[in-house]
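Taken in order, these protein sequences are the chains called C and S. If you read the first sequence in our numbering, its first letter stands for residue 1, the second for the next number, and so on. If you read the second sequence in our numbering, its first letter stands for residue 197, the second for the next number, and so on.
Where hints are given, some of them may not hold.
[Unchecked claim] A few chain S residues that face chain C, going by a derived Cβ cut-off under 7 angstroms, partial list only: (1) Leu236; (2) Lys307; (3) Ser356; (4) Asp381; (5) Gly385.
Please keep in mind that the hints were generated in silico from the structure rather than gathered at the bench. For each residue, glycine too, the CB sits at the ideal point set by N, CA and C.
There are 2 protein chains.
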Amino acid sequence: MLTEMPVADISLNGLSRRVGIAKSNVLRYFESREAVLLELLNTAWRDWLSYLALRIPAAVDPSAPLTARCEQLAQTITQSLAAHPQLCELISASAAVLERNISADVARRFKTTALENTVTLACLIQIRLSELRDPTAERLARTTFLVTGATWIMAHPSASMIAANQSLAVSPVDFSVSLSEILADLLAGAIARSPD
Amino acid sequence: MLTEMPVADISLNGLSRRVGIAKSNVLRYFESREAVLLELLNTAWRDWLSYLALRIPAAVDPSAPLTARCEQLAQTITQSLAAHPQLCELISASAAVLERNISADVARRFKTTALENTVTLACLIQIRLSELRDPTAERLARTTFLVTGATWIMAHPSASMIAANQSLAVSPVDFSVSLSEILADLLAGAIARSPD
Chain C
1 MLTEMPVADI
11 SLNGLSRRVG
21 IAKSNVLRYF
31 ESREAVLLEL
41 LNTAWRDWLS
51 YLALRIPAAV
61 DPSAPLTARC
71 EQLAQTITQS
81 LAAHPQLCEL
91 ISASAAVLER
101 NISADVARRF
111 KTTALENTVT
121 LACLIQIRLS
131 ELRDPTAERL
141 ARTTFLVTGA
151 TWIMAHPSAS
161 MIAANQSLAV
171 SPVDFSVSLS
181 EILADLLAGA
191 IARSPD
Chain S
197 MLTEMPVADI
207 SLNGLSRRVG
217 IAKSNVLRYF
227 ESREAVLLEL
237 LNTAWRDWLS
247 YLALRIPAAV
257 DPSAPLTARC
267 EQLAQTITQS
277 LAAHPQLCEL
287 ISASAAVLER
297 NISADVARRF
307 KTTALENTVT
317 LACLIQIRLS
327 ELRDPTAERL
337 ARTTFLVTGA
347 TWIMAHPSAS
357 MIAANQSLAV
367 SPVDFSVSLS
377 EILADLLAGA
387 IARSPD
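Working from the sequences, and respecting the hints, build out all of it.
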């Protein structure tokens, strides 16, 4: 469903029809469609972290020079995200849309899991970039979430923007190419700025 | 007006009341509220570039080591953006909201100015970081736009998320602190990854 339409267009009616549960029953467990989607986001995020953890050891050569390791890790993170488009769509809608129509209780539950996921991503980054200390690795994990959502939005412009890009001969933003460059810059820069 | 409410809540009625022009007259020149706000975005962006151009020479020491120059430039860009909250608000809404309800014609006009502004920002970055070649500097200028909008959204969470952060003792995202770190990482990383 998420691959067919933007998060903003998904209604609670549509969600309950799709999973075959009456809307009244969905609302017995979730206070709003935003609460459902944030729960889906955390689940998809955890699934992605497991997927990424399996790929990093083979994809990033521990004996490669620092810059090459940053680029290999950036590509691995990006490719694994591109393989999880629903997660990217939910991340792109999380701060501006999904976190708006929820109670403090749902927000706390979402934030608790989000913090755990951030720590896990920071650990995964450190597997092949042990130069990064804990607070810096966690900062990069938070920033990865931020730039993933923003790059996803930029890579899915409106029909009018697509037409404008074509008429101006501007290359469209490619999610994987752009995100990979941004993450490689962030990783290499954070290490260059770290005290030795 | 933009400092009082989020872009998503600004109506064409409210816009025309504020500038004292009948809505029918606003619509004679602009096809939608999104077209008005994109025009405001480009104007605010140009004003900000002029403001930034005046500040970089004094704020970034050309004889400082590379990492220090990256950090000084990141801080100068961030402080100048923080001094232009309307611009940040419009940037944060541009890709996900404003670019959606416009014609291909308005999109082309917006994109043309946006491209000019990106080239200008790339030149300003190069004033004190001449290590950066043209395509890399332009990439960083585009990424600056992307991370500014995303950081602005993260730094303005909903009331429920603020309550959740407080109950979990999580520090809120500070726009200036976060953006400055992200930009410094991006600049230092792009230079570390540049061919000599």
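Here is what the structure says about each hint:
no.	hint	verdict
1	Leu236	violated (18 angstroms)
2	Lys307	holds (5 angstroms)
3	Ser356	holds (4 angstroms)
4	Asp381	holds (4 angstroms)
5	Gly385	holds (3 angstroms)
When held up to the earlier numbered hints, the structure conflicts with hint 1 and nothing else.
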